[in-house]
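Kindly produce the complete structure, drawing on both the sequences and the hints.
There are 2 protein chains.
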Amino acid sequence: MEDLLRYFQRELPGINDFLDKEADQLSGLVRDVAKHIIGSGGKRIRPMMTLLFARAFGYGKDDYHAIACALELLHSATLLHDDYLDDAELRRGKKAAHLVFGRTETILAGDALLALANEMGARYGNSRLSWLLARGIMETAVGEIEEIAFSRNPSLDRATYMEIIIGKTARLIECACRCGAALAGATPEQEDAAGRYGLNVGIAFQLVDDALDYASPTSETGKPEGGDLKEGKVTLPLILLMEDGDEAGSEALLDALKEKSLSEAQCEDVLAQVREGRYSDKTREEAARYVEKAKACLDGLDSVEEVAVLKQAADFVLTRTK
Amino acid sequence: MEDLLRYFQRELPGINDFLDKEADQLSGLVRDVAKHIIGSGGKRIRPMMTLLFARAFGYGKDDYHAIACALELLHSATLLHDDYLDDAELRRGKKAAHLVFGRTETILAGDALLALANEMGARYGNSRLSWLLARGIMETAVGEIEEIAFSRNPSLDRATYMEIIIGKTARLIECACRCGAALAGATPEQEDAAGRYGLNVGIAFQLVDDALDYASPTSETGKPEGGDLKEGKVTLPLILLMEDGDEAGSEALLDALKEKSLSEAQCEDVLAQVREGRYSDKTREEAARYVEKAKACLDGLDSVEEVAVLKQAADFVLTRTK
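Residue numbers (the UniProt record's numbering), protein chains in the order written: chain A, 1 to 322; chain B, 1 to 322.
No wet-lab data here; the hints were simulated from the structure.
Glycine included, each C-beta is placed from N, C-alpha and C at the ideal position.
Just to be clear, a hint being listed does not mean it is correct.
Claimed, not checked - Computed from the model, here is a short list of chain A residues facing chain B with C-beta under 7 Å: (1) Phe-8; (2) Pro-13; (3) Gly-14; (4) Asn-16; (5) Asp-24; (6) Gln-25; (7) Ser-27; (8) Val-30; (9) His-81; (10) Asp-111; (11) Ala-112; (12) Ala-115; (13) Ala-141; (14) Glu-144.
So this is what it looks like as structure tokens:
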């Protein structure tokens, strides 16, 4: 992981400075909300992916910050809208924006950040970048809507679950990778390879997230343990448990999730079963398969520093403990 | 107005068909919300402005629908978010989307429509269009946030009022006009002239809207009479009334608006004073001055059909009764 850490240490300050400067130029209330969400941390995975693929495809200029940071702002905008819509209280251990600034400010600041991201992407005179950003937002919004529909009518259907995590998480990471390739003027085939890397890393990232939800204590993640289950979300650890269990038990649990009638005791019981059956670890094993797929997408690339970092970044997804 | 009506009759079906087809390709719940807002009417002023300026600057191709309709979708997306944030019950006489589909679906469908609009604008390989759309959304979101701040701390400051109506309404109409010029490959000076026309028409449009709020019965506008006053919004008719009245009365009214303590009787009294003082008509007279400014921006243009229509469109703003 040495290359990865060194690369992030070198590049993160520039990305954070650029985000701060863009946020400073926003007006009044939008600026406050933007600075709150940008300042609440985050791993800056999306901008780093854009930079890494731009460099991997030979982009030599230093004007990559606007498009890289556009990806972070799109992500921030979706967090603002989601946290409000989910009635979330915390984001990265800090009070969620809508509880600090109010719903109207938060929704409209999210819109303004979406617009700022598009404007930043349009600065290069490269309309492929604008098209990619637009698609990324669209797919993320649709993925979130599908997640809501799924939570109202939960099932054990793995295909639907995969579609949702691809939409709500993996597509924007794919978009970040494609934007890097497009900035470098890569061929469509090269951009597709970058996109597949991002898609697979994104899936692995969300699988690990869903595994962590069942595994890690609140203090590390900043989220309550078993939060997904309590919110009625069906994710892979639960699907794996129910695939191994008896049908009657699964249907009763699905009904309880649908009707939001799961008792505290039932909830603790399910959490214990997931722990005993190691379904969180099994979900991580599934994630590991996507990480391998992601790394295979890098095969045709020159062995520059950035390609080594991209391989380590894919592996790093599996090491997350929060 | 003959040219205007003939032009709209000829072009509106194509614009509506295109909007319908784009909406049909959206997925599930997003499609339903999109079709609800698109199908609820609307004058399609923004897409028509884009088309008219594209033609006025000599654009001969027939592929203008994507960028023209992008402007309508941006407008629709802002209506979805605004109506939810305003707790509006009606939009164009129909039940507001958030009351039909729920808040989450409405907010996320708004995000998806913003993204679709950006994607449609990016189809031309002309990055100026993407930049203009991004700016248009940004300025509209900021204008709305400023309106909220103003409603919490209302004043009689005309400059602030003008800034708000420019942000929340005129900038997107300016954007529509600029997009038409940019599509036609107009010079920066030509695009600026188109933009100034749109800005002035947009200001006039909002002034007439604010005048109508004090003048027209619910059945025609689909909105309650004096709705702005009841919501605590300070608009030009009220500013004009208070500029003519005594300072103590104005301050008491501002305080009541700020504290949302305006009684039904006080409200009726203010409405009667606005009627007696013809402040709604005086607001329309102000609008007429902006219409003249808008028409002056067309002076350098060839006298093609579209320029005649643009002149009539500016005048038409003043004839609105709903």
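Hint-by-hint comparison with the structure:
no., hint, result
1, Phe-8, "violated (29 Å)"
2, Pro-13, "violated (26 Å)"
3, Gly-14, "violated (23 Å)"
4, Asn-16, "violated (22 Å)"
5, Asp-24, "violated (14 Å)"
6, Gln-25, "violated (11 Å)"
7, Ser-27, "holds (5 Å)"
8, Val-30, "holds (6 Å)"
9, His-81, "holds (6 Å)"
10, Asp-111, "holds (4 Å)"
11, Ala-112, "holds (4 Å)"
12, Ala-115, "holds (4 Å)"
13, Ala-141, "holds (4 Å)"
14, Glu-144, "holds (5 Å)"
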